Every structure is written in structure tokens, then in C-alpha cells.
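Full structure from sequences and hints, please.
Protein chains in written order, with my numbering: chain A, 1380 to 1572; chain B, 1380 to 1572.
Calculated directly from the structure, the hints in this document are not laboratory data.
Honestly, I wouldn't trust all of these hints.
The list cannot tell twin chains apart, which means a pair is met if one copy fits it or any two copies do.
Only pairs whose alpha carbons sit at most 25 Å apart, straight line, appear in this in silico PhoX-like list of lysine-lysine [claimed, not checked]:
#1 Lys1461 with Lys1482
#2 Lys1416 with Lys1389
#3 Lys1461 with Lys1400
#4 Lys1429 with Lys1416
#5 Lys1416 with Lys1544
Note that the coordinates shown come from a computational prediction; the quantities given were computed from them, not determined experimentally.
Protein chains: 2
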Amino acid sequence: MQELIEAIEKLGSAAGSDVVKVDMFLNHRLDTTLLFKMGEELAGTFREEKPDLVLTVEASGIALALTTAHALGDIPVVFAKKSQTVVQSRDVIQASVYSFTHKCTNMIRVDRRYLPQGSRVLIVDDFLADGQAALGMMSLCTQAQCPVVGIGIGVEKGFQEGGKKLREAGMNLYSLAVVDRIEDGRIVLRREN
Amino acid sequence: MQELIEAIEKLGSAAGSDVVKVDMFLNHRLDTTLLFKMGEELAGTFREEKPDLVLTVEASGIALALTTAHALGDIPVVFAKKSQTVVQSRDVIQASVYSFTHKCTNMIRVDRRYLPQGSRVLIVDDFLADGQAALGMMSLCTQAQCPVVGIGIGVEKGFQEGGKKLREAGMNLYSLAVVDRIEDGRIVLRREN
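Following this line, the structure appears as C-alpha cells:
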């Protein structure tokens, strides 16, 4: 998606050999205009799959999930939670997710009522790296007996394994931008996406 | 705001004497249509204050912040973070916030670049209880030398101290719905809001 690619080239930065920083517009400060365009693009890609709801994981997936759900005709969003709150329901589905960014394992949890059996789920997240979050959300959907009709991603780190794993598993995965590699401290985007 | 009041009456529930659960439409599952209407209402309330950006705190404030920012003409959103990631900038502003829900103290952090000095900030959050999160965000703005032009809230728990404290401090606070009390396990909304 051209606007996202331009934002990454203009405002993104690399750290070390594998960290892609897009804090400025995607996951700390949000470029509202861009987020809505990204949501429209994901909605256009997955509209024919007729999703009933968008599933994401807190926190930075929420914005793109919401704009995608809006462009799909205001379908609901469900965001999996990482923390066990004192107001937790008793009927909770959970999956474990290792975060390479935070270097720890989180459980992600969804109240079962919000993934009604048979719902057609579109998974959306801002980032795809090793695919741990997406696999965790797929596990939640399997437990809830909900088909995953697609996975829509903002930025895929093409040099990590997530995209490959998900495509090989037959998932309908679409990423708005794919980082091919980090070269001399510079982000190189994949053009043939 | 009538649609929100109806959603709370229909889908909200109380736990104990002080927990208001709106998981079904506001902070776990998101009613996308309602979130956009809430954003329009907050935008209408604060438009004349000419905010430059919306500040919220992850995770459940993000959706309402984004729809408010959209209705204000797609101004940016900045969300304060609760966790120290490995990709943290060095120039970070922070404030401590006690969460009555999670029964712990969190630091909230914002990269100073995303609160440029002099920016007119509209603080938005899904909930207002004891006001700790709002006070933490106000502290971030003070440190960044940004005026807070208003505070827009989804659901205020009117029987806790946050609203009173902020209004007495002279803040321009508007809550879309105010829970007056929990009575016999039932949520009673304040009508004169």
C-alpha cells in the first residue's frame, strides 16, 4: 500500500538487525488519516470473505482493527487481553504468546461470549514478525470453533518467519507493507508485494 | 449521550458495589457503530478548543481516542504506554498511575517527540473512576509544556472521586455517561448529566 510504504520510508527507522520502528505513525503516535486508509485497504481485501467480526490483541492492534471493522460496515471488534483483571469472566479462552519485542511470554485471553461459535473471524494486527500473536489468536478461534477467514497485517517483517509459516499453513494473509530486510541501518521494503 | 446510556442499561452489568462492566461494547468487544457515535459527540463538545492531538493511555482508551480524533478532522492520537519495551526512546516522559482495577501501580510513558511543546491536548479515556489515569496524563502534558484543553470520557463512575477532583481543579471535563451508583446489583445512571 503506497501511503504506508511512503510513511515507513519517510518516518520509520531501524534499530540493530531486526527492529523496525514505526512509533511515529502506527504504534505510539497514530496517524489517523493513514490508519483509516489502511483499514479501507484491508476491508477491500477481505470483504468477500464476509467476516462477522475483527479479532486483534491489545494494545497497538486496536486502531487498525477498528478502522478495518468500520470500513467493513461497522462490524464488531474483539481485542484479546494480556492482563488478568479483577473483572474477568469465568468462561475465558486463552493461548500463550511469546513476544520478541518484550522478551516474555504472555497469555492472551478472550471472553468466550465474544467469539460466538461459527463466527467468521478476520484477524488484524499492526505487525507480523514471528507470527506468535497471530498463531495465538488462531488458537483462540480454534477453541471457540470460529473459522479464520483471513489475516490482515499492517507491517510484515519479511525476514522473520511469521509470514512464511502462516502462508504455508494455507492462511489467507495480506500485509499492507513487507520489510524485506534491514541493510546498513536502513529499512528495505519488498516491492513485489 | 442517549445511545451509550441505552447500551449501559441493556448490556452493562455491575459487580460488587463499585465495578461497572461494559466489556460487551466498550473495552473488550467494541461496538464499532457506538464508538464512532461517541467519538462524534466528544468531538462536537471539544471542537472549539481546537485540540492539536488526542492523548490516551493503552489499551482500552485507544478506540474512543481514535474515533474522536477522526471526527475532529483526523488529528493525531498519542497513546501513553504502560510497558517498557526494548525499543524505547531515550527521551521519555513518565508518570505513575495506580489502577484500582488491576490493583497495582503502573508507570505510563510517552516519547517526548510526540507531545511537542505547546500542543493543545485533548485527553480521552473510556473510563473515569478515581481519576488516576487522567491525572497521570495531565502530568505528562505538564512535563511536555502542553496545555490540556479538555478531558473527554466515555463512562464516568460518579460515585468515585475522579470527576469531582478534576472539575474542582478547573478542568473542562465531559463524560458521555455518568454512573450515579450501583444499587442492588443494578447500575443507576445519572440523568441530569
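The hints, checked one at a time:
1. Lys1461 with Lys1482: both (14 Å within a copy, 15 Å between copies)
2. Lys1416 with Lys1389: Only inside one copy: lysine 1416 and lysine 1389 sit 17 Å apart there, 33 Å across copies, limit 25 Å.
3. Lys1461 with Lys1400: Answer is both: 22 Å inside a copy and 18 Å across each meet the 25 Å cutoff.
4. Lys1429 with Lys1416: Both: 20 Å inside a chain and 24 Å across chains, each within 25 Å.
5. Lys1416 with Lys1544: neither (27 Å within a copy, 39 Å between copies)
When each numbered hint is compared with the structure, a violation occurs for hint 5 only.
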